[in-house]
Each structure stands twice: as structure tokens, then as C-alpha cells.
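Below are the chains, spelled out letter by letter.
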Amino acid sequence: MPLSNKERMKIPRQQMPEQLPLVRNKNFSEVNLGLTEELARMEAERCIQCPKPTCINGCPVGIKIKDFIKLISDGQFAEASAKIKEDNMLPAICGRVCPQEEQCESLCIVGKKGEPVAIGRLERFVADYERENKLGKLPEVKAKTGKKIAVIGSGPAGLSCAGDLIQMGHDVTVFEALHDLGGVLIYGIPEFRLPKEIVRLEIESLQKLGVDFQPNAVIGLTDTVDELMEQGYAAVFIAVGAGLPYFLNIPGENFNGVYSSNEFLTRVNLMKAYKFPDMTTPVFDCRGKNVAVFGGGNTAMDAVRTAKRLGAENAYIVYRRSDAEMPARKEEIHHAKDEGIVFNYLANPLEFLGDENGWLKGVSLQKMELGEPDASGRRRPIPIAGSEYVLDIDMAVIAIGNGSNPIIRQTTPDLNFNKWGNILVDQNSMKTNKPGVFAGGDIVTGGATVILAMGAGRTAAKAINEYVLGLSNTAS
Amino acid sequence: MYRIISAEFIAPNIKRFEIEAPKIAKKRQAGQFVIIRVNETGERIPLTIADSNTELGTISIIVQGIGKTTLELNQLNSGDFIRDVVGPLGKASHIENFGTAVSIGGGVGTAIAYPTAVALKNAGNYTISIIGGRSKDFVILEDELKKASDEVFVTTDDGSYGIKGFVTQQLQALIDSGREIDFVLAIGPIPMMKAVAETTRPYGIKTVVSLNPIMVDGTGMCGGCRAIVDNKTVFVCVDGPEFDAHKVDFLTLERRNKIYNVEEAAAREHICNYDKMYTNELNK
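Protein sequences appear in the order of chains A and B.
In terms of the numbering used here, the numbers along the first sequence are unbroken and rise by one, the last being 1118.
In terms of the numbering used here, the numbers along the second sequence are unbroken and rise by one, the last being 293.
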């Protein structure tokens, strides 16, 4: 006897099993353990299957949410996964890292009266179930078109674009600057939020479909975009990401122990410095030390929680606004607080202090208060005169955002960029001003989310397909 | 995987490799480098491209075995593979016909200066090379530089070969003898590059050095290689590696290179027995 809506809405949101905070803050294993089948089915029952679902409007790629949830209720997990994959090819990743609370779940009708349906956790459950039970079927690949496409970057935008193009029958080569594949999925997001094995398996599926991955290829240096086109690539998709670290530009920023978040996370996530000396790359020895991470986004949360796991005695977030303005996912902030991260709000760094050998010893901070909203819509931080104080720290991580790496811009002079180094594109096709060249992901938007990058990759694949088959006119 | 075509020691602990890397061979210019990773657990390190052969599709690197990675690399031989090689990275040397150009190499720095010395000669400069080494065994590429230079001077700290003294003393002697020097390139240990900069500063001679910070990605995305030049922060991997010697903050470079001294010593412990292999090989 199916439940009535009233009964469904009485079911509480199921708790995600997680490692205990004081255990997990010493290891790099995944924090969230995943819903069990029982919990997943219970959670799926909470969905009232709205005739006109609003949740889908919140999804950047339009996943057929109520349909896949219904399939979970019916115990058809493999079918649920296939349903998601009609619109999102990396559900194991998105189910873990999407800010659902700002997307689909924020528009859930059930959420108006109580807690929204845990759409993200259900997506993850389905993807994990399929993987763990080896139920995934490789999608069909259309007849070969004889066209070859170059994708630059193996992060979420590049992977989703490559995945669609290969299924359309084109030959696809993905060029990656690093020695390992996955982009920000492997160097930026820590193991405890996104296990690298999951990324590896997704890439392996693409390889099985025929995508050719070439690591150690820095487009702009090893080959330029123009050279790729001369080599016969009918189109190029630039998905190189936001790979330029922003620094605070305050005195002392070059003392030993001050890192950009990119360097700190790359050493730990990509080069696995937490396994030193079994892995050769070292990272600052945080054991018993005081570490401060500057910033309030997901990257800052990742960095500070990583420092804690590396043994930091005190791991601080230093943020110039207050809790309400922090852009990081609420879940990550919550996890961080449980793990013992100390949040210093309304504090702005003025200067890093070092000892006589150039090692970081502290940071001079200034207290802030909040005034009127600025251009971002958040309340502007205003310094309080005479409020300077020193926080003793041994290591600092600057996690205030990333800009665009200039290599492509410097070596493709006829490509149009805005003043921040982002590539200008037509929003509906991801076309740039250069014929045959498309772009998407963080290189276009500035640092954003995995799901937005994936959406851009899919939009571009569609437009590239039309372009190379001569189905559209070339004017953008 | 990048195949090693040839590998031979050219001095104690200094090995020259020819590696199959056709794309890099085709693109590289003097002054550029590659980042290599020896194996799956390895770290990423920068090494200057000493030479290349576009027909064979190979690049040459010259490696001094100091820490775990370079010592491990120097155990590899022809037919072995290096896991990852990426490049060409960095800005190419700025080459023009300056007039009289002096290239100074200290120890393995000579290998790094070599390609730029060749480029300077090809651009029409009257080229003088000064090669410095601790002792005779550590003087490298003398024959190659003789072919690429109009004059070559060799100095050794202990006087076992060439002139006894430092490269800076030889440089000063040239200046004192009234030679008009328009450009100096100096590559070697930081104290040596610093000393050359101070030698040429009073005369306002344009002097360029190649910096050797620790690097991770080598493409400007992490900032680990940052140095201070002209009181501004630069990323050596994309803004350099060559800079105006008179504007470089060598102290910060020296300090930042010590960040992992403790970890590097611990890693080296594991291979302290391998140096016996080199001595044996050199003595063959």
C-alpha cells in the first residue's frame, strides 16, 4: 500500500553514517560512509513525486530527479543510475561534492515544511551501488565520424565533454598538463571528500569507450592550440580550469611555511605527501603546530581539515566576514567544526611575521566589523582601527580563490579573454571568437563548482558535434 | 613512460641522459626545462634541457645526484624508463647580439649554462666561457664549450686543473684587463651566482642568472617556486627561470630552498648505500 504524502512528509530525513569526528580528523578516509540500502529506500519514500517538480530547476544539468528516486523506491538501483546518467555522467562524484543545499534540495517542496529530500545522498547511493556491484554498462558509441577533437584538461568539464563526444562517434584526445588524470578532482578535492579511486574508475570507463588520454601535455608549451588544429583536430575544447593561485599580497608572504592552497593541496592530494616517506613528495610537518588557513570557501575547508589530519595542534580558519557570509558548503563547515577546527571570524591579515631564518612565526590580524553589502551582495568587512593583534602560527595556507593560468592566453593571441583572464564564450554553445575553439568550466567562469563545469562540458559537446559535422553555420 | 636512450657519468655523481621525448625536442629553446618524475611514488623536480636532437627526437639532461630523486634517477641506465617528463617549461633565454658575452658555469651549473652559451654564439656574440669546478673531476662540458665559445677559461678550487681560484676571480681578471664585457650569464650554486652579481654590479654589466627553487607543477599553478625579484613576487617556473641578477633577492631563494631540509635528509638515509655503486661504475 503506497504511502500518502502526509505519511511521507512525516518520515524524518535519514542520517548519513559518518566516521566519528575525533577518529576521522586523524585519517584521510572518506568522512561520509554512504547510506545503506535500507536508509536509501527510506529516504526515497520521503519524495512526494510532485506532478510539477521544482527540484529539477535547481540542477545545473537537469537530472530527472523524481524519476530516479522512484526507481530507488522500487528497488531498481541499476535503472536509477542509468536514469541519472542520461544527464549527469559522474553521479558518484556529484553526489559527493555538489552543493545540493543551494541547488536541487533548496527547491524541494518537502523542504518547505521540514528537511528536503536528501537528493544528493540518494544520487551517491545509486552510483556507489552500481560501482560496488559492477552493474555499470558501457553506453553505446555511435558509428565513427572520422572527426577528431582535442579536449584540453582532464577535470570535470573536460571529462564530461569527452564522454559525450566519444559516444557521438568522434575520436577524442584529452590533453592533461599533470602526470595524473582528473584535474581538480584529484589535486584539489581531498581523499576524505572524494576518494581518488572513484575518479580513476570513471576515467577508466572513458578509456574503455576509446577516449585517448595524454598526460604530461601542457597545451600552450608542448603544443599550442593552433598547432593542435594544424595536426588535424577539427575542434578544440579548452577546459584548463582556474589554475593561478591568488595571494594576499601582504608583507612576509614568502616566508617558509606560507603556501597557496593549490600547492598545499597538490602536495597532499595529488602527490600524497601524507604518506611521506613512502611517497617522496614532502609537505610542511604540521604535527603539534599551529596552522591558519585564510579564506571561507570549500577550498579553505579542505585545506584546514587536511592540516588537522596532518597533525596540527591548532587548525584555524581566518575569515574576514562572519559565519553567515562564508561561501563554503554548510555540511563542510559543520564537519570542520566537529573535527576541532577553530573559526576566527571578522579577522583580516595585515602582515606575516617571521624569525631570523625566514620561517613563519605569526600573523598580524586586524578585527573587522560588517557594514553595507558590497558588489557580491555580502556585507562588506570594515577594519576596526587600533584592533591589531598577533596570532602565533607556524604554517599558513592562502585559500582566497584562484584566477586563470595565463599559459593559454599568452600562446593563443587571437583568442578573446576578459580582464581577469577568463575566456569569453557564447553561453549557449561555449563557442569562443576563434573558429573551432570552444571553452568551458572554471577558465570561463572563474572558480566555481564541479557540476557547473560538467554542464558546460555537455553544452560544448553538443555544439562541437554540430560544428564538426557542419550542421550549424560557423558564425557564433 | 619516457625511454632513456643513453646514460653516462661525466663527473662523480653527475650523469648525462639522452631521453626520447620528440615533442619536447622539437619545441625546446635554450634556457627551458622539464619537470620529471622517476616513478609512481616519485616527486616532481625541474631539470634544465641541456641539448636536444630533433631528428632523433631526444633531449639531454645532466643530473647531479644530491637528494633522493636525483640519486635514484642516476641509478637508471640506457633502456630504462622515466615515468613522467613534461615540457618544455619556462621562458626561453633572452638571446641577442650583445657584443661580448661571458657564460659562467659553476659545477653542474655549467650544464645549465651550456645551451644558452651555444645560443649566444649563434646570435653573433663573441663568447667567453668560464667553467668552474671543485677539482678536475668536476669540470664538465669543457670540450663542448670549446666548440661553442671563442675563449674558454677553467678554474678549480684546488688548482688540480686550469687556474686555481673561483670563477669570479677569473671574471674580475677579465674586467681588470680592460675587456669590454656586454653580458654575463652565471649559473651555479646560489653563493656563486650572488658573487658574480656583486662582481658585475659596480660596472653596470647586464647579468642574468637562472634560479633553482623547489618546484611542484612547473606551470604556474601552485606558487611553490616563488622568488622575489625587483621587490616583487615572481613564479620562477613561468616568469623565469632566468632573471636580472642585480634584482634577485638571493637570501629568500636560499631560505625557501631549505624548507624541506629535514625531510630531504630522512629520504636520503634510504639511499646512502647507493653511492658505492657510482664510485664502482666510475672506476670501471
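Don't take each hint at face value.
To be verified - Quick list of in silico lysine-lysine cross-link-like pairs, DSS-like style, CA-CA up to 27 Å:
1) K130/B x K1003/A
2) K203/B x K173/B
3) K35/B x K1003/A
4) K790/A x K35/B
Stated by the list, open to error - So the derived label-pair ranges between C-beta atoms look like this:
5) T678/A x E263/B: 19 to 29 Å
6) D1056/A x M10/B: 49 to 59 Å
7) S144/B x D997/A: 55 to 65 Å
8) R842/A x K173/B: 41 to 51 Å
9) W1062/A x T50/B: 46 to 56 Å
10) D920/A x K267/B: 18 to 28 Å
Keep in mind that the hints were calculated from the coordinates and are not lab data.
Small disclaimer: the values here were computed from a predicted structure and weren't measured.
Just so you know, even glycine gets a beta-carbon here, dropped at the ideal spot from N, CA and C.
Hints, one by one, checked against the model:
1. Between K130/B and K1003/A the CA atoms are separated by roughly 48 Å; this puts the pair beyond 27 Å, and the hint is violated.
2. Using a Cα cut-off of 27 Å, the hinted pair K203/B and K173/B holds, with the two alpha carbons roughly 20 Å apart.
3. With a C-alpha separation of about 47 Å, the suggested pairing of K35/B with K1003/A is violated against the 27 Å cut-off.
4. The straight-line distance between the Cα atoms of K790/A and K35/B is roughly 23 Å, inside the 27 Å bound, and the hint therefore holds.
5. At about 56 Å, the CB distance of T678/A to E263/B disagrees with the hint of 19 to 29 Å.
6. For D1056/A and M10/B, the Cβ-Cβ distance of about 36 Å falls outside the hinted range of 49 to 59 Å, so the restraint is violated.
7. At about 37 Å, the CB distance of S144/B to D997/A disagrees with the hint of 55 to 65 Å.
8. In this structure, R842/A and K173/B break the distance hint of 41 to 51 Å, their C-beta atoms being roughly 58 Å apart.
9. Our hint of 46 to 56 Å for W1062/A and T50/B is violated, since their Cβ atoms are close to 38 Å apart.
10. A C-beta distance of roughly 23 Å is found between D920/A and K267/B, which places it inside the suggested range of 18 to 28 Å.
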